Structure formats: C-alpha cells, structure tokens
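First to last, the sequence lines map onto chains A and B.
Residues in the first sequence are numbered consecutively from 1, following the numbering used here.
Residues in the second sequence are numbered consecutively from 304, following the numbering used here.
Worth flagging that the hints you see were computed from the coordinates, not collected in a lab.
Don't take every hint at face value.
What the hints assert, rightly or not - Not close to chain B: a few residues of chain A, all C-beta gaps over 12 Å, as computed:
| hint | residue |
| --- | --- |
| 1 | Gly64 |
| 2 | Pro85 |
| 3 | Asp94 |
Said to hold, decoys possible - Every beta carbon over 10 Å from chain B, so not counted as near; a handful from chain A, in silico:
| hint | residue |
| --- | --- |
| 4 | Arg47 |
| 5 | Thr50 |
| 6 | Gly65 |
| 7 | Leu115 |
| 8 | Asp123 |
| 9 | Ile262 |
| 10 | Arg282 |
To be verified - Footprint (simulated), chain A over chain B, 3 or more residues, beta carbon under 8 Å:
| hint | segment |
| --- | --- |
| 11 | 306 to 316 |
| 12 | 382 to 395 |
| 13 | 400 to 406 |
Please read these numbers as outputs of a predicted model, since none were measured by experiment.
For each residue, glycine too, the CB sits at the ideal point set by N, CA and C.
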Amino acid sequence: MAAIETTGLAKRYRRVTALSDCTISVPQGRISALVGPNGAGKTTLLRLLTGLAAPTAGRATVLGGTPRQDPGYLAEIGFLAQDIPLYRRLTAADHIGIGAHLNPRWDGELVRSRLAGLKIPLDRPVGALSGGQRAQVALALTLAKRPRLLLLDEPLAALDPLARQNFLGALAEAAAMKGEGLTIVLSSHLLADIDRVCDHLILLASSRVQLCGDIGALLGEHRILVGPRQDTTAIARAHTIVREDSTARQTTLLVRRSGPVIDPAWAVEEPNLEEIVLGYMRQDGAEDGAGPATRLSAVGGDR
Amino acid sequence: MTWVTWRQYRSQGALAAALLAALAVVLLITGMHEAQVWHAALASCGTVRGCGSPSLSNPVLMTLIVATSAVPLLPGLFWGAPTVAHELESGTNQFAWMQSVTKRRWLAVRAAWLLLAAAILAGAVSALVTWWLGPNNALTADAFEANRFDITNIVPAGYAIFAVALGICAGVLLRRTLPAMAVTLAGFAGVRVLIAQWLRPHYMTPVTVYFKLTGSYAPKGSYLGVSQGIVGPHGQPPAGSGSYIFNGSPVPAVCAKVMQNPAPCMAAHGYQEYLAYQPADRFWAFQGIETSIFVVLAAAALGVAFWVLRRRDA
C-alpha cells in the first residue's frame, strides 16, 4: 500500500506557481528523500501533505485519506517544519507537556530517554540550546506522537556534520523500531547524507516532479556514457538523454536507458545517486548555461 | 489546550495580576481616605447641595482613575494581537497545529480563556474604580459623563472583550504582531470614540423638557445631555438675521432691536428653551446596551478570525 499518493497536485500563490502537476507515490515503510534546488516546491509539497496548506488543483491521498484539519488525521502525521520552530522560551519539558495534552498517543518517556541519552537538558529554554540540540528535541517530540508518517523539511540544514550523523542515526533507528509501519519523507540538499539512510527518491525541479521511485531501481535505469565528441541522435533514438555535457573533445551523457546500452562508441558507467540528481537538476538550471538542445532532450524525457 | 494556554500565558497572567494588585492597594488606601473625608463633610454640612463643592480628590489620583479607561485595551494589545500573529511570525504554529488538535479548536480554547481573563481583569479594575468614585459621584452626580460612564460598572469588561477579539482578528488577518497591535490600538480607540460620541446618546429616545428662557433646569441626579437649545412657539427653531446670537440660537427679528438681553422679549413671543437628555434611571440600561454592543462587535471580529483561519493556509 502507498503511504502517499498524489495526482496532479498543484499549488499556486497569487503569481507564483510553487508546485504543478505533482504525481508521486511513496510506498509504506520507505524512507524517501525529497530533493531539489531551492524554490523547487519541496516545502510546498510537504505542507500540502500535512494539510496545513490546501492544494489549488489535484489531490493527495495520505495514509488512505485526504490531508485535512482533523484530530484523527493529525495524530498520524509527524511534521518537522523548516527552521525547527519550537517555543524558544519554553523548555523541552514544557514541550513534552504540550504534546502530552494535545495528542492521544504520546510517548513522553521516549523523548526523555532520547534527550537524556544525548545529554540535552530538559529544563533549559529551547532557545538556549544549540541548533543541533534543538533539532534533536524537535525530532524526539515529533517521534513521541507515534506517527505513521514522518515529514521532515530540511532537518539537516542547520546541523554540523556530527549532529547530522546523530540525527540521521536517530531517524534510521526510529524507522527500524517501527518496522514497516513508519514512512518517512525527508527533504534535504545533502545528497551524501541522504544516500546513507534513504531508499526512495523524489526529485523536484522547477515546481515539477523529475523523478520518483526506488533508489536502487533509479540507479539501475541510468547510465553515464562517455565518448569522443559525436552525434547523439542514435542514442537519443533508443534511450532518453537526460543531460548532455560536451567539451571540445568529449561528450558525457546521462541517459535513462530503455534497455542495455550496446554501442561501442561509448564507455558505459554506472552513476551514483548524486550524479543522477545533479543531472536532472541541471537540466532546467540556467546556472551552467545549458543550451536549448539539452533542454529539448530533457523535455522529451519520460517521467 | 487549557493546560497549553495556561503554560504559554502564565507569566503574562502573573504580570497582570501583580499590576492589578498594585492598583488595588493604591485605590483601597486612597479610597478609604476619600470616603472618610466625604462622610465628615456630609456630617458637617448636612446635605449634598449644602456642601458646595469641596474638592475631594487630588488631581494625580483623578488622572490615574481616568487613565484606567485604557485598561481594557491592554489585553487586546498584549494577549489578543500576538496570540495568532506571533505564532505565524515565528513559525511555531507549524508545531502547535501539527499536534492532534485542529487549529480551530486550538484558537477556540485560547480565545475563550483570553476573553475571560480580559473581562475579569477589566471588571476588577472597574469594580475598584466604581467603588473609589462612589463619594465623588454622590457629590457631583456625573456617573453618566464620558470619563465616568466608560470606566465604571460593566462596560469596561465589554470593552476588554472587544479589544481581545479585535486583536485576535487583526493578528489572523495581518499575520504580524506589531501591525496587528497597531491596528488593534487604532481600531479600539476609533470604535470607542465613535460609539461614545455618536451612538451612545441615542440608545433610547431622550426625554425632552421645555422651560422658560429666563429660567433654568437641571435634571435630577446624573444625566446624559443629548441636545439643548431654543425653540419657537410652534416648535420651530428660531430664525433670525444670523449675526445676533443668544445662547447659541439666532435671535428672531422681533427681538433683534433688544440689544441688552433678548431673553424676556423672546419669552414674551413664545420662545422656550429645551433640554433633551437621558435621565439617571437609564444608567444601567445604557451600561447594558453599550456592553452588549461591544460583545456583539467582539463576536463579529472572532467570526471573521475563524473564517479567515479556516480558509487560509497555515
């Protein structure tokens, strides 16, 4: 069963389209990485899934229902918003109290033992903690709700590498504890970190879904072709060219293959996740001056 | 939600309670002194009128008393306006509204406690002020006047309820604390002045008395004047050349030649003075009507706040 299923989901603000035609599916029990450049619509997608924002078109089905303002629905969803908003003047213990009063299933003991393990004081105002500690408090509070779906918006952004490790470790541990029951969607810029814990990927760029699927499968579907500078029409006929990089002598292609690539003119390599993600992200980005040709081939790409 | 509201507002509640206690101490001590002076004066001169006008209150205290007219605004500024706006500003609404409680219930419980606390605060200050002004009112019979009516009895509680509701509504609409506070301040002051100046005198049809131009008339006890002036023998307002004015009305042509004092001449031609006013026995009706108006306005503001909260993304 899919924990998240969206069809044609879109969100437009007065002039800006934050997300358009978003169709994704995240199976239950997966840890999905939501990646994409700034402004790609990651936060918008997560907020639509929580029900905090309403879509302007399309629909989302989350844990079998529509995201909505309803205590039963909210009890199933754990959401950690960007910048980790907590009440800065209240202590972690106060937050535990708030959670205990507002949630039907609440594991305050879980928060206490986690924070004790991390040596984070319960009785200091949250505003006085370090960014990493605050993120740990927020994650512990989100887990204490015992949600079936955990949506985390850039939880790693504010953390130093060590805190990041701790955080991801905690996340992986929580997922393992819950077994198949807990689905996690985690938005981030940090591909290397994601690679370690995630087994599913959603790639957004320019408000659109570029990729969505199992990371293993995506790795298998993509190849990097390197060869002397040459005509790529033959490759384009058989496969989908995601991105083409040419220097005076050499052409490098990222292709989504429709079968084995058998062409002696090209050296075929298996890409890593970062190479795939960057390939798709650069497609639409003007930052490296991608020419019209590359963009055209991108439009032809299947999604 | 009640516990959560208490946890988030308890320091502000303690501050309000401390300020209220300080005010109570000042007013109780000085109020008892006032009462003593008053009873002593009454014992020596027998009747209220006989006492003339001994100045009872010292001007500093009187200023403090009149300044309590701002008390109902404070909960609106410091509790009402930030309650949603500050959460939106700091993003904590994304924590609060992702617990297993809808934002609607979250606001409903919070608003209910804040409204109640504001009404209690303003009501307590008003009770103190009403008691303190007792001797003063007995002497000067001014309970119906602007700076007395607005700070005594039940209307301050109504104002406070309105201020909090207005603050909440402004916070939901503007999503920023400071602009919401500014709008609450301006809106509260504007509505209060508008209602006190233009609406209050007309809550009920005023009593009109006619009396001789050469005489005078003072209603019994405290009253709220609506209008006064001179009318002709057929109830018409006097028409005259315009440049010759007596008691705010043009002197009619027939008396235009009487330069010294046209009153006897006008009286002889059937002109009368009138006073339209709200008599003392309507005081409580007026307190009730004004309080109801502000409670209804508060309900409207809250209605808007909930509607916008539901429609808008969090």
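Evaluated hints:
1. The claim that glycine 64 of chain A lies off the interface holds: its Cβ sits roughly 17 Å from the closest Cβ of chain B, which is beyond the 12 Å cut-off.
2. With a least beta-carbon separation of about 4 Å from chain B, proline 85 of chain A fails to lie farther than 12 Å from that chain, contradicting its non-interface assignment.
3. Distance check on aspartate 94 of chain A: its Cβ comes as close as 6 Å (rounded) to a Cβ of chain B, failing to clear the 12 Å threshold; non-interface status is violated.
4. Separation of arginine 47 of chain A from chain B is inadequate, the least Cβ-Cβ distance of about 7 Å not exceeding the 10 Å criterion.
5. Residue placement check: threonine 50 of chain A does not keep its beta carbon more than 10 Å from all beta carbons of chain B (closest about 6 Å).
6. The Cβ of glycine 65 of chain A sits about 14 Å from the closest Cβ of chain B, beyond the 10 Å cut-off, so the non-interface label holds.
7. Non-interface call for leucine 115 of chain A relative to chain B: holds, since the shortest CB-CB distance, roughly 17 Å, exceeds 10 Å.
8. No Cβ of chain B approaches the Cβ of aspartate 123 of chain A within 10 Å, the least distance being about 14 Å, so the stated non-interface status holds.
9. Look at isoleucine 262 of chain A: its CB is around 51 Å from the nearest CB on chain B, clear of 10 Å, so calling it non-interface holds up.
10. Interface exclusion of arginine 282 of chain A from chain B stands, the closest Cβ pair being 31 Å apart, more than 10 Å.
11. Counting residues of the segment 306 to 316 of chain B whose CB lies closer than 8 Å to any CB of chain A gives 4, which reaches the minimum of 3, so the coverage claim holds.
12. Evaluation of the coverage hint for the segment 382 to 395 of chain B: fulfilled, as 3 residues show C-beta separations to chain A shorter than 8 Å, against a requirement of three.
13. Proximity of the segment 400 to 406 of chain B to chain A, defined as three or more residues with a beta carbon under 8 Å from a beta carbon of that chain, is established by the 7 residues found.
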